[in-house]
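Novice: Protein sequence lines, in the order shown, are assigned to chains A and B.
FYI, this note's numbering numbers position 156 of the first sequence as 300, with every residue one higher than the one before it.
FYI, this note's numbering numbers position 36 of the second sequence as 261, with every residue one higher than the one before it.
Source of the hints: derived by calculation from the structure; they are not laboratory data.
Errors might be hidden in some of the hints.
[Said to hold, decoys possible] Derived contacts from chain B toward chain A, CB cut-off under 7 Å, selection only:
hint, residue
1, Ser367
2, Val370
3, Leu417
4, Thr420
Keep in mind it's a predicted model, so treat the numbers as computed, not measured.
For glycine and all other residues, C-beta sits at the position ideal for the given N, C-alpha and C.
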Amino acid sequence: MDFDFIDYLTGQNIMFVVLSAIVLGCGLMSVLSTKILRAATYLFFTLFGIAGLYLLMNYEFLAAVQLSVYAGAVVVLLIFAIFLVKNLGHETEKVSCSKKGIAALASVLGIVMTLVIVFNEGIVPAVVGPTAPQVDMQLIGDTLLGSGKHQYLLIFEASSVLLLACIIGAIVVATKSKEEK
Amino acid sequence: MDFELVNLISWIDESLRDLCGDASWAVSLIEYVLIAIAFLGLYCVLALILILLERKICADFQCRIGPNRVGPWGLCQPIADMFKILLKEIITLKNNDKFLFFTAPFLILAGSLGTFGALQFGKGLVGVDFNVGIFYMLAISSLGVIGILLAGWSSDNKYTLIGAMRSGAQLISYEISAGISILTMVLLGGSLNLTDLIEGQKDSWYLFQGHIPAIIAFIIYLIAGHAETNRGPFDLPEAESELCAGYHTEYSGITFGFFYLAEYLNMFIIAGIGTMVFLGGWQPFHINYEWASGFNELMDYIPSYCWFVGKVFMLVLLSLWVRWSFPRLRIDQLLHLEWKILMPISLVNMLLMAGWVAYIAAQNN
């Protein structure tokens with residue numbers, strides 16, 4: 145079978161390569177950057193690129209969730225935390241050797257796990273592009289809030305309890321620091 | 226006779242298809258570029274119009290004449306301002322993070338343009354029509370918050386930092402009640418798709434279909450949306466008397482111009498979302514009774530884009546009216562208004578709307 149390059153030069157594939165380059169490049173920069181706010185900005189671009197990948201696969205709801213939860217809320221929270229904690233420090237501290245070792249171990253483990261999965265399962269050709277089925281919002285809503293088989297009402301409610309616990313925890317922490325003053 | 230712009234667009238599409246033959250990718254490419262140019266052009270022209278409108282109306286409120294030298298009635302003033310801002314020097318600071326400093330204006334512009342592209346300007350005049358359009362608009366607008374925070378921090382100046390923190394807190398807070406009031410209308414419309422939402426308002430706008438909950442939601446949306454544009458009486462992030470110009474103090478030339486553009490267009494976008502969700506988008510005003518059929522037909526003669534632009538500018542004028550009439554709030558008053566007044570009301574209001582929707586469903590069965 146001869147490899148015809150032109151066949152692969154579709155808009156979908158070009159966009160996939162561009163978005164992957166953004167995700168990987170910005171992910172790498174986010175890790176390598178010594179300035180903490182720059183790292184957060186690169187992380188934001190990475191998350192944004194992932195939202196683009198979801199859009200490419202026609203997962204519009206997932207893309208919007210990715211944008212509003214990760215790119216919007218999480219990164220804004222991160223930046224606020226840096227503003228409040230770091231006292232405007234431009235450079236991050238040097239990481240100690242033991243921490244570097246743990247980080248290296250974790251990343252190697254991650255790579256091995258991914259490779260094992262890829263070699264065991266093989267690369268599944270995903271249905272990408274305009275031919276991919278568009279997931280109906282109705283279906284997502286029913287699946288999230290249904291109590292039947294393969295539906296996630298219990299998990300949905302459990303996660304809301306978790307969030308409530310987080311909010312109460314935040315209030316407790318905030319009021320305690322006031323009394324100390 | 227039909228004056229819809231969608232006819233012109235389909236004519237362009239057909240002639241491009243004839244011209245390119247079977248190279249359909251070329252048609253798509255040319256059309257994407259054309260649409261991008263059209264949106265960017267519209268974005269800039271609207272900014273010029275809005276700036277002139279604001280200056281004229283502000284002048285009227287303060288019993289002045291306003292710009293009156295450049296062109297007839299000062300109509301060319303924003304164009305002259307545009308050239309001035311393009312020619313100005315972009316001043317770079319010494320000890321700041323230059324990368325973030327110059328990324329921030331682009332982020333703000335990108336967030337604003339991303340939202341602008343999802344507006345539905347008329348019948349068939351849609352940039353992106355997502356399945357979850359209204360959710361996408363709320364999500365993509367969060368880019369602006371990050372842009373503001375980065376701008377304030379990378380200017381390395383305590384005024385800009387305080388301005389950015391205030392602005393961030395304000396935007397995040399008011400996004401909640403604006404989001405909830407839009408969600409209330411999504412409950413009524415039963416869809417997140419903007420095309421479906423507007424289609425559902427063919428006979429009567431959601432503002433009238435939803436009765437009291439819709440009116441409460443509309444008022445809350447107007448207040449919260451106005452606060453989200455960072456304009457008076459909610460303009461603490463750039464309170465001149467306290468913070469110079471807030472987060473964009475250190476910017477000059479066209480980098481400042483980007484903030485300026487985004488601020489004015491955000492006003493248009495907030496009004497546009499309000500129009501689409503509450504006032505029927507580009508749908509003409511109809512009275513849903515038998516005796517008004519003649520009136521309804523008359524209203525149909527007005528092209529859809531005129532309806533959209535007319536309604537949006539009505540909301541923009543309301544926003545300007547508020548801006549030049551009320552004094553600025555303090556930061557604690559601002560957060561009190563959102564967290565202790567607007568948010569509880571909008572949550573209860575959503576319950577009310579759910580009850581109303583259930584009542585309609587019961588009536589129909």
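Novice: Any hints this thing doesn't respect? Which numbers, in order?
Specialist: Checked against the structure, the only hint that fails is number 4, while the rest are satisfied.
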